[in-house]
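In the order they appear, the protein sequences are chains A and B.
Start counting the first sequence at -4; every next residue gets the next number (the numbering used here).
Start counting the second sequence at -4; every next residue gets the next number (the numbering used here).
Treat each hint with caution, since some may be false.
Think about it this way: if two alpha-carbon atoms lie no more than 25 Å apart in a straight line, the pair counts; the simulated BS3-like pairs of lysine-lysine are [what the hints assert, rightly or not]:
hint, chain 1, residue 1, chain 2, residue 2
1, A, Lys336, B, Lys53
2, B, Lys114, A, Lys114
3, A, Lys141, B, Lys210
4, A, Lys280, A, Lys206
5, A, Lys114, B, Lys56
6, A, Lys96, B, Lys139
7, B, Lys410, A, Lys53
8, B, Lys139, A, Lys56
9, B, Lys71, A, Lys144
10, B, Lys142, A, Lys381
11, B, Lys150, A, Lys114
12, B, Lys53, A, Lys114
13, B, Lys53, A, Lys141
Partner residues aside, some chain A positions facing chain B, computed with beta carbon under 10 Å [said to hold, decoys possible]:
hint, residue
14, Ile52
15, Lys86
16, Pro91
17, Arg145
18, Pro183
19, Tyr354
20, Val356
21, Glu357
22, Asn407
23, Leu411
24, Leu415
25, His416
26, Glu419
Bear in mind the hints are in silico, worked out from the structure with no lab data behind them.
We put the CB at the ideal spot given by N, CA and C, even for glycine.
Number of protein chains: 2
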Amino acid sequence: MPLLGLLPRRAWASLLSQLLRPPCASCTGAVRCQSQVAEAVLTSQLKAHQEKPNFIIKTPKGTRDLSPQHMVVREKILDLVISCFKRHGAKGMDTPAFELKETLTEKYGEDSGLMYDLKDQGGELLSLRYDLTVPFARYLAMNKVKKMKRYHVGKVWRRESPTIVQGRYREFCQCDFDIAGQFDPMIPDAECLKIMCEILSGLQLGDFLIKMAWKDVRHEMVVKKGLAPEVADRIGDYVQCHGGVSLVEQMFQDPRLSQNKQALEGLGDLKLLFEYLTLFGIADKISFDLSLARGLDYYTGVIYEAMLLQTPTQAGEEPLNVGSVAAGGRYDGLVGMFDPKGHKVPCVGLSIGVERIFYIVEQRMKTKGEKVRTTETQVFVATPQKNFLQERLKLIAELWDSGIKAEMLYKNNPKLLTQLHYCESTGIPLVVIIGEQELKEGVIKIRSVASREEVSGGGRNRRDEVFLPFPDSVRNMHLLAEKLSSWLIVVEMNKHPFQMTIAACEY
Amino acid sequence: MPLLGLLPRRAWASLLSQLLRPPCASCTGAVRCQSQVAEAVLTSQLKAHQEKPNFIIKTPKGTRDLSPQHMVVREKILDLVISCFKRHGAKGMDTPAFELKETLTEKYGEDSGLMYDLKDQGGELLSLRYDLTVPFARYLAMNKVKKMKRYHVGKVWRRESPTIVQGRYREFCQCDFDIAGQFDPMIPDAECLKIMCEILSGLQLGDFLIKMAWKDVRHEMVVKKGLAPEVADRIGDYVQCHGGVSLVEQMFQDPRLSQNKQALEGLGDLKLLFEYLTLFGIADKISFDLSLARGLDYYTGVIYEAMLLQTPTQAGEEPLNVGSVAAGGRYDGLVGMFDPKGHKVPCVGLSIGVERIFYIVEQRMKTKGEKVRTTETQVFVATPQKNFLQERLKLIAELWDSGIKAEMLYKNNPKLLTQLHYCESTGIPLVVIIGEQELKEGVIKIRSVASREEVSGGGRNRRDEVFLPFPDSVRNMHLLAEKLSSWLIVVEMNKHPFQMTIAACEY
């Protein structure tokens, strides 16, 4: 409270008298009355100390705010993921953040204890959603939907011990793509793997490999196809030795397998899958993993996980504990668990581990010292003169109305240097300057923040070309941008791409 | 259970023996063991009846799923809102879905009882966020941010009695824009009103009016500016009589006010605000409202609400109870409530009532019988022949890899009619057809679903032009699209804009 120490005696007396006043009539008691706050500026400071001695400002354990820097990285990555989902014909969907508790119970096995329950405030017992798959299955059963290809991007919540170093939080984003419906075997499964590859290639995170859990493949063969366990294990020997691309072909060349009718049948789906993956050009990205364990309880078939490989070119970087960045699999039984008659809807899907991907991208940017702009502002409206607020307001409204992203300082008389510094620190590439001279000539000046070059135009008396009076200055700026190509190149060379003409196309 | 009735006696016996088996070793008990499910297909149906006699599949009270149809409308509207926020230089941000309960208490007055609390599962007491403003203020105080222009789009939760007819739910989306910081008076306030106007104009919902709460303006004048209550009420008479555009000017012409020094000072901010609104070209959109009441407890200054006006041109439509579609105001005290020393950060902001807007747009589409596509698929890959799965898979992978949104049926041998029906029902504008003839000639056929016109190309033996073999068919399609402009026009006339060339630019 340094301020109080400096108060003269008279001010103390006045402050005390204010504090001793009864609360005004309009004060509800729930909130500090604003009129009192207005009357005694220092009161709130005193009250703050009296009322909140132990108050800690924080986010809940295991959660965090996403700053503008986080949001920029997220937006880019999510855009890429969602555009891939849409490329494969998926529809968007959303479900409530919470479900009836009984909808979620008995779906996650041992992990059920990690669910966030809502307090019983009278009414239904609710829990925050734990993933996006169970709500999707509930949606299908509830609406009797038998076929659907949908994506879903949303938050889920798990009360795990947060490992914040690895970018794991109790609140996190999931990006799911699923295909529900009865189709010919392995076609949707192959598409899910194709989507994983497209997204991981598109994100340019380096090499990756998709590993299939051998245990689940074996289980499928023995239980569903009736393969003798010893034959399955002979296949397992292959998986262990060759686990790579031409695996299935090699197995078919082994007489011990190819002459065993059961083995051939058991290998049928696997062969089909690899045939499709080859047509998709991604067979070399898939291998088997003997150690991979079944994840959530609802998976019924093969599960797979995509792992990033640390490439030699990234040797200079800090080693990242990356691990799995995507996972998926088949869950043919889940929808039936919601249907009163147990009617099944076979499903296959995948989930992109976007939180881990966000973390990797953020770490790489940190290592490289890359900075991101947190706004998209294209033009800053500045003035070198006093009393130019009105002109700035008029000009910026024109820019906004033309769909151009523009900012200015909320000051009556800002210094020009302050205005230019603002552009430099926030990465705004262009400044339009309006002063007395410009207003007199009916022109505006455009300045490249990076190169400090300036051009002016848009006036009545220049070059005998298309001249528009000042209120049409915006259209003039587009005109200028098209003509001054050499200047534009300078701007681009300084890595501040000129955005204004693009903006004119966008809107 | 119609299936069970049809079972022969032997099947019954087999089914029973399976049901009487002990659970297998790998079964955790928490979830039905998948191997058992696989062995006895009908078991799950029986179990479903036994285990879930009273199980109701539904979403929690006052919530709902957002179907693909909802999502399409939302995406369009949110895109427009967010692009306006970005145009004004706002950064994105997000906060956790829940906060410490004490962060939210004493911020919402009587409405505090409507907060969703989380169950005490050991640890902190948490509540779901009730709006996006209090988390923003908490963020500013926690990070000692003194200046920030940010937008935030996210879900909030309130345990209100749901009025589902009017589109009000317990879970809903908010879109907020706020300017925090100490600036020269009324400039950020005017920008907030400008943003409201830009968004409401952009959404083309019809005429609208922004109403300012007179009670709050009066309170400001009397308490903050020290205006005598009787002078404030004289101003109030004006508001009541003229409540429109030129209000402030008229007041300044009244000698009873213009010759009263106090009144002039009291009117200063109001004059300034209307001056800025005039420069922004939106002064005629703002009026006063004597009945508008203060909303949430944290507002400290003028609050305003935007109302849609039912225009005569929409007379044919079902009357909508639209009311407020945006609201905002100043809350200079909120951040100080979180700061241990009570340091204030003045804030002004607005919230777009997107849920109501979604509802209005959906209702209008319903009235007009408008249909929306829920996918963005540009091309469907079809075949008239059997055993063409491999070729279809290869071609669709090429399309995906070229960034083209493509779908096909997950069937080995679908009928051509089924494939074309799929395109018609989902609105896919183009089909590429590949059959024996096309494969032999090394061409593909493109068909407009709407006009049923067909062209083929991309072959080695056509028109002596640029000919590429089959694997490059995708590039050929672009080539075709550029040349066949008359055909393209036919497609466009049928309101299925040709997307493929656009796609080629996008990626």
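Status of each hint after checking the structure:
Only pairs whose Cα atoms come within 25 Å are accepted, and A:Lys336 paired with B:Lys53 is accepted, the gap being roughly 16 Å. Between B:Lys114 and A:Lys114, the direct Cα distance comes to roughly 4 Å. Compliance with the 25 Å bound is thereby established for this hinted pair. Annotation: proposed proximity of A:Lys141 to B:Lys210 is violated, straight-line Cα distance about 56 Å (limit 25 Å). Among the hinted pairs, A:Lys280 with A:Lys206 is consistent with the structure: their alpha-carbon atoms are about 8 Å apart, no more than 25 Å.
Of the pairs offered as hints, the one joining A:Lys114 and B:Lys56 holds, with about 15 Å between alpha carbons and a cut-off of 25 Å not exceeded. Taken as a hint, the A:Lys96 and B:Lys139 pair is broken in the structure, with Cα atoms around 39 Å apart against an allowance of 25 Å. Taking the CA atoms of B:Lys410 and A:Lys53, the gap is near 60 Å; set against the 25 Å cutoff, the hint is violated. This hinted pair checks out: B:Lys139 and A:Lys56 have alpha carbons roughly 20 Å apart, not beyond 25 Å.
The straight-line distance between the Cα atoms of B:Lys71 and A:Lys144 is roughly 21 Å, inside the 25 Å bound, and the hint therefore holds. Between B:Lys142 and A:Lys381 the alpha-carbon distance is near 23 Å, which keeps this suggested pair within the 25 Å criterion. As the CA atoms of B:Lys150 and A:Lys114 are separated by approximately 19 Å, the hinted pair is consistent with the 25 Å bound. Simply put, B:Lys53 and A:Lys114 have alpha-carbon atoms about 19 Å apart, close enough for the 25 Å limit, and the pair holds.
Distance check on the hinted pair: B:Lys53 and A:Lys141 sit about 17 Å apart at the alpha-carbon level, within 25 Å; holds. Interface hint status for A:Ile52: upheld, as the beta-carbon distance to the closest one in chain B is roughly 4 Å, under 10 Å. At its closest, the beta carbon of A:Lys86 sits 4 Å from a beta carbon of chain B; the interface hint therefore holds under the 10 Å criterion. The beta carbon of A:Pro91 comes within 4 Å of a beta carbon in chain B, closer than 10 Å, and the hint placing it at the interface holds.
A cut of 10 Å between beta carbons decides the hint on A:Arg145: the least distance to chain B is about 7 Å, and the hint holds. At a threshold of 10 Å, the smallest CB-CB gap from A:Pro183 to chain B is about 5 Å, leaving the interface hint in force. For A:Tyr354, the shortest C-beta to C-beta distance to chain B is roughly 16 Å, which exceeds 10 Å, and the interface hint is violated. At a threshold of 10 Å, the smallest CB-CB gap from A:Val356 to chain B is about 16 Å, leaving the interface hint violated.
For A:Glu357, the suggested interface contact is broken, since its CB lies about 15 Å from the closest CB of chain B, more than 10 Å. A least Cβ separation of about 5 Å between A:Asn407 and chain B falls short of the 10 Å threshold, and the interface hint therefore holds. Of the supplied interface hints, the one on A:Leu411 is violated, with its beta-carbon coming no nearer than about 17 Å to a beta-carbon of chain B, more than 10 Å. The interface hint given for A:Leu415 is violated, since its Cβ lies 16 Å from the closest Cβ of chain B, which is over the 10 Å cut-off.
With a cut of 10 Å, the hint placing A:His416 at the interface with chain B is violated, because the nearest CB-to-CB distance is about 14 Å. Using the Cβ-Cβ criterion of 10 Å, the hint placing A:Glu419 at the interface with chain B is not satisfied: the shortest such distance is roughly 15 Å.
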